[in-house]
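**Q** These protein sequences, in sequence, are chains B and A.
Per the working numbering, residue 20 is the first one in the first sequence, and the count goes up by one each step.
Per the working numbering, residue 20 is the first one in the second sequence, and the count goes up by one each step.
These are calculated hints, taken from the structure and not from any lab test.
All values reported here derive from a predicted model rather than from experimental measurement.
Be aware that a few hints might be false.
Said to hold, decoys possible - Mimicking PhoX-like on lysine-lysine, the simulated pairs with C-alpha atoms at most 25 Å apart in a straight line are:
1) Lys264/B / Lys356/A
2) Lys325/B / Lys356/A
3) Lys356/B / Lys221/A
4) Lys153/A / Lys105/B
Unchecked claim - Here chain A is said to cover these stretches of chain B; the calculated rule only asks that three of the stretch's residues, wherever they fall, bring their Cβ under 8 Å from a Cβ of chain A:
5) 73-85
6) 88-96
7) 175-188
8) 284-298
As the list claims (entries may be wrong) - Now the stretches of chain B that chain A is said to cover, found in silico as 3 or more residues with beta-carbon under 8 Å:
9) 99-108
10) 157-169
11) 274-280
Each residue gets a CB set at the ideal place from its N, CA and C atoms; glycine is no exception.
2 protein chains.
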Amino acid sequence: MKNKILIILLGSLLSTQVAAMEWQALPDQAPAPKDNPTTPAKVELGKMLYMDPRFSSTGTVSCNSCHNVMEGGDDSRTTSMGVHGKTGGRNAPTVWNSAFHSVQFWDGRVNLLEDQAKGPVTNPIEMGMSDIEKAMDQVRAIPGYKIYFEKAFGINSMTVDNAAKAVAAFERTLITPDSAYDRFVKGDRKALTTQQQNGMNKFAEIGCIACHSGPAFNGPDKEFGDGFYAKFPTFTDNVYVQQYKLTSDKGRQDHTKKAEDAHMFRVPTLRNINDTAPYFHNGAVNSLPEAVRIMAATQLNMQLSKQDTNDIVAFLEALTGEYPQITMPRLPSANGKSINANPSL
Amino acid sequence: MKNKILIILLGSLLSTQVAAMEWQALPDQAPAPKDNPTTPAKVELGKMLYMDPRFSSTGTVSCNSCHNVMEGGDDSRTTSMGVHGKTGGRNAPTVWNSAFHSVQFWDGRVNLLEDQAKGPVTNPIEMGMSDIEKAMDQVRAIPGYKIYFEKAFGINSMTVDNAAKAVAAFERTLITPDSAYDRFVKGDRKALTTQQQNGMNKFAEIGCIACHSGPAFNGPDKEFGDGFYAKFPTFTDNVYVQQYKLTSDKGRQDHTKKAEDAHMFRVPTLRNINDTAPYFHNGAVNSLPEAVRIMAATQLNMQLSKQDTNDIVAFLEALTGEYPQITMPRLPSANGKSINANPSL
Numbered sequence: 020m021k022n023k024i025l026i027i028l029l030g031s032l033l034s035t036q037v038a039a040m041e042w043q044a045l046p047d048q049a050p051a052p053k054d055n056p057t058t059p060a061k062v063e064l065g066k067m068l069y070m071d072p073r074f075s076s077t078g079t080v081s082c083n084s085c086h087n088v089m090e091g092g093d094d095s096r097t098t099s100m101g102v103h104g105k106t107g108g109r110n111a112p113t114v115w116n117s118a119f120h121s122v123q124f125w126d127g128r129v130n131l132l133e134d135q136a137k138g139p140v141t142n143p144i145e146m147g148m149s150d151i152e153k154a155m156d157q158v159r160a161i162p163g164y165k166i167y168f169e170k171a172f173g174i175n176s177m178t179v180d181n182a183a184k185a186v187a188a189f190e191r192t193l194i195t196p197d198s199a200y201d202r203f204v205k206g207d208r209k210a211l212t213t214q215q216q217n218g219m220n221k222f223a224e225i226g227c228i229a230c231h232s233g234p235a236f237n238g239p240d241k242e243f244g245d246g247f248y249a250k251f252p253t254f255t256d257n258v259y260v261q262q263y264k265l266t267s268d269k270g271r272q273d274h275t276k277k278a279e280d281a282h283m284f285r286v287p288t289l290r291n292i293n294d295t296a297p298y299f300h301n302g303a304v305n306s307l308p309e310a311v312r313i314m315a316a317t318q319l320n321m322q323l324s325k326q327d328t329n330d331i332v333a334f335l336e337a338l339t340g341e342y343p344q345i346t347m348p349r350l351p352s353a354n355g356k357s358i359n360a361n362p363s364l
Numbered sequence: 020m021k022n023k024i025l026i027i028l029l030g031s032l033l034s035t036q037v038a039a040m041e042w043q044a045l046p047d048q049a050p051a052p053k054d055n056p057t058t059p060a061k062v063e064l065g066k067m068l069y070m071d072p073r074f075s076s077t078g079t080v081s082c083n084s085c086h087n088v089m090e091g092g093d094d095s096r097t098t099s100m101g102v103h104g105k106t107g108g109r110n111a112p113t114v115w116n117s118a119f120h121s122v123q124f125w126d127g128r129v130n131l132l133e134d135q136a137k138g139p140v141t142n143p144i145e146m147g148m149s150d151i152e153k154a155m156d157q158v159r160a161i162p163g164y165k166i167y168f169e170k171a172f173g174i175n176s177m178t179v180d181n182a183a184k185a186v187a188a189f190e191r192t193l194i195t196p197d198s199a200y201d202r203f204v205k206g207d208r209k210a211l212t213t214q215q216q217n218g219m220n221k222f223a224e225i226g227c228i229a230c231h232s233g234p235a236f237n238g239p240d241k242e243f244g245d246g247f248y249a250k251f252p253t254f255t256d257n258v259y260v261q262q263y264k265l266t267s268d269k270g271r272q273d274h275t276k277k278a279e280d281a282h283m284f285r286v287p288t289l290r291n292i293n294d295t296a297p298y299f300h301n302g303a304v305n306s307l308p309e310a311v312r313i314m315a316a317t318q319l320n321m322q323l324s325k326q327d328t329n330d331i332v333a334f335l336e337a338l339t340g341e342y343p344q345i346t347m348p349r350l351p352s353a354n355g356k357s358i359n360a361n362p363s364l
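Produce the complete structure using the sequences and hints provided.
**A** What follows is the structure in structure tokens.
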């Protein structure tokens, strides 16, 4: 009996310590690389480019098509649908708080949002342009864009690199502080319900926080380019692996070709996870409680009780932040001539 | 010589009279049917539904996909692209100032924006839902929508008709007064350049205004359901008809099956026409000056001089209004479960 009390005391002491050491609120600003400080002029231009479908091959797909800032920063699909109804192999990661990742894409194959922004433009199943310079030619063919590039980058600045810098600058404003969790961590002890606090402690105790640490719940603070990866699934002796085809995708190995990168994925943020179903790299799981059960089984070799699952889900719901209000940009006019008119498209 | 002066005087007298009689600024509010007065709660809900792609069959197509309010209220394509990359047969009309049309669609086949809003949802090449109630089931499956329907329409109000009413209410806010033309008509004589004023007079003198009259340049004021149509092309003895396949589409006849409706189309608004290329029901013409030349030839049996064409284009550019700033809605969350997750889509 004495021992039992001691264990309980120790347990609550440990979890208090975890709370004191580990829980961090989201910063009010996202980090930016030295050569691309975030400025209002870049953000304004970047927002236009982010929302503009006209430089995709069909004129129908923008960054926002798959990373919809009116939703959870994704598209609610299993895998995204690009030009001509083509679909890809992985679930669209949320753009919200993507600025807090030290590498981009599920496999971390690029270091910066600036690099990421260029990828989908020439991906044949996303925006489908044959060449990134051809996409930029489309932007250059819209007279109204010139002034916004000049405001952001000076004269003669309509380049792919600057377009990508502007999009990245806009994306660095897409952060969601002030969740119930953030208010709790900052001292408002009523911001979380008892169940959410129980879930928060459980999240730490069972080890979720070993990977999902830091202010964005995506791992420790790292320099750009230094990715934080985990093997998913780590434990395969459970019903979920086959049911949701969790080992079909080799993850980072497809990029690096190294055996040790098999099934390694960047640890995703958990912020706003209640708004980003379906889940995982393959989008195969369409239930947040099920996603929690799967993570416990595949990463911690643990079968969660219903109560613990519900408590953790309640805690995860407290990670939904305040989305900033975004005013729609006016996309510059092509002035009496469309850059997308083509009866064959 | 005397006669020539008299004619010039008479001409300028006539054009002054035309100006006094005919030129009208855009009203600050769009008309609404009696059973759907525009309210802030409906507009708020309607904006969400308008922007929400989740109740299309793929989860990728919203009203805004083809009628993009960040652009000219259209999609800059020849014909729109809906689900699975399918394309339709007619050019997407602009949503801006569509509230000033007495009938909707190119062929005027429905009377109200409320009716129009339902059409694309079940069109297999637009939003592609098999049944409008199934689309509404998708909306009903998103818990966060309920409160917005209640605010707009009261309890138990999540119906197709109310969704359409909300979208129509939002669309009635999509109007663009305060163009240079409007300021000119209201007394600011410096609002138009001399060339634009020349174009304005030419527009009246040669007869464009016979059809493109009224504050929205889409015909006389009419009751909802009483459409204003014109035969296009009226004159076929010109190079344009074959070049741009202007007689391939039977227009309103396809809907009414009446011989007299062959090639009859609703007279479209000319407001913001500089932002809505490509032009005409088939989107075949990708140049505003060319569109002006074609209209003169096919509707007025007239070959315009280069000067007159340029002047009229300059006037049409003065019809671009002030687009209201629109704040992006936050689309209600589906709470840890996507309504669009399906690996087969």
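**Q** How does the coverage statement for the stretch 99-108 of chain B fare against chain A, requiring three or more residues with Cβ below 8 Å from a Cβ of that chain?
**A** Holds, because 6 residues of the stretch 99-108 of chain B bring their Cβ atoms closer than 8 Å to Cβ atoms of chain A.
**Q** Do three or more residues of the stretch 157-169 of chain B come closer than 8 Å to chain A, measuring C-beta to C-beta?
**A** violated (count 0)
**Q** Sort out whether lysine 221/A lies within 25 Å of lysine 356/B, counting only the CA atoms.
**A** Answer holds: lysine 356/B to lysine 221/A is near 23 Å, not above 25 Å.
**Q** Take a quick look at whether lysine 264/B and lysine 356/A sit within 25 Å of each other, Cα to Cα.
**A** Cα-Cα ~19 Å, so holds.
**Q** Holds or violated: lysine 153/A with lysine 105/B, Cα cutoff 25 Å?
**A** holds, 24 Å
**Q** Take the C-alpha atoms of lysine 325/B and lysine 356/A, compute the straight-line distance between them, and say whether it is at most 25 Å.
**A** With a Cα-Cα distance of about 18 Å, the restraint between lysine 325/B and lysine 356/A holds, given a limit of 25 Å.
**Q** Closer than 8 Å, Cβ to Cβ, for at least three residues: run that test on the stretch 73-85 of chain B against chain A and report holds or violated.
**A** holds (count 5)
**Q** Count the residues of the stretch 284-298 of chain B whose Cβ falls closer than 8 Å to any Cβ of chain A, and tell me whether that reaches three.
**A** holds (count 5)
**Q** Check whether three or more residues of the stretch 274-280 of chain B sit with their beta carbon closer than 8 Å to a beta carbon of chain A.
**A** Violated - the stretch 274-280 of chain B has 0 residues with a Cβ nearer than 8 Å to chain A, which falls short of three.
**Q** Are 3 or more residues of the stretch 175-188 of chain B near chain A, judged by a Cβ distance of less than 8 Å?
**A** With 0 residues in contact (Cβ-Cβ under 8 Å with chain A), the coverage given for the stretch 175-188 of chain B is violated.
**Q** With a cut-off of 8 Å between beta carbons, are at least three residues of the stretch 88-96 of chain B near chain A?
**A** holds (count 7)
Violation of the numbered hints given earlier is confined to hints 7, 10 and 11; the remaining hints are satisfied by the structure.
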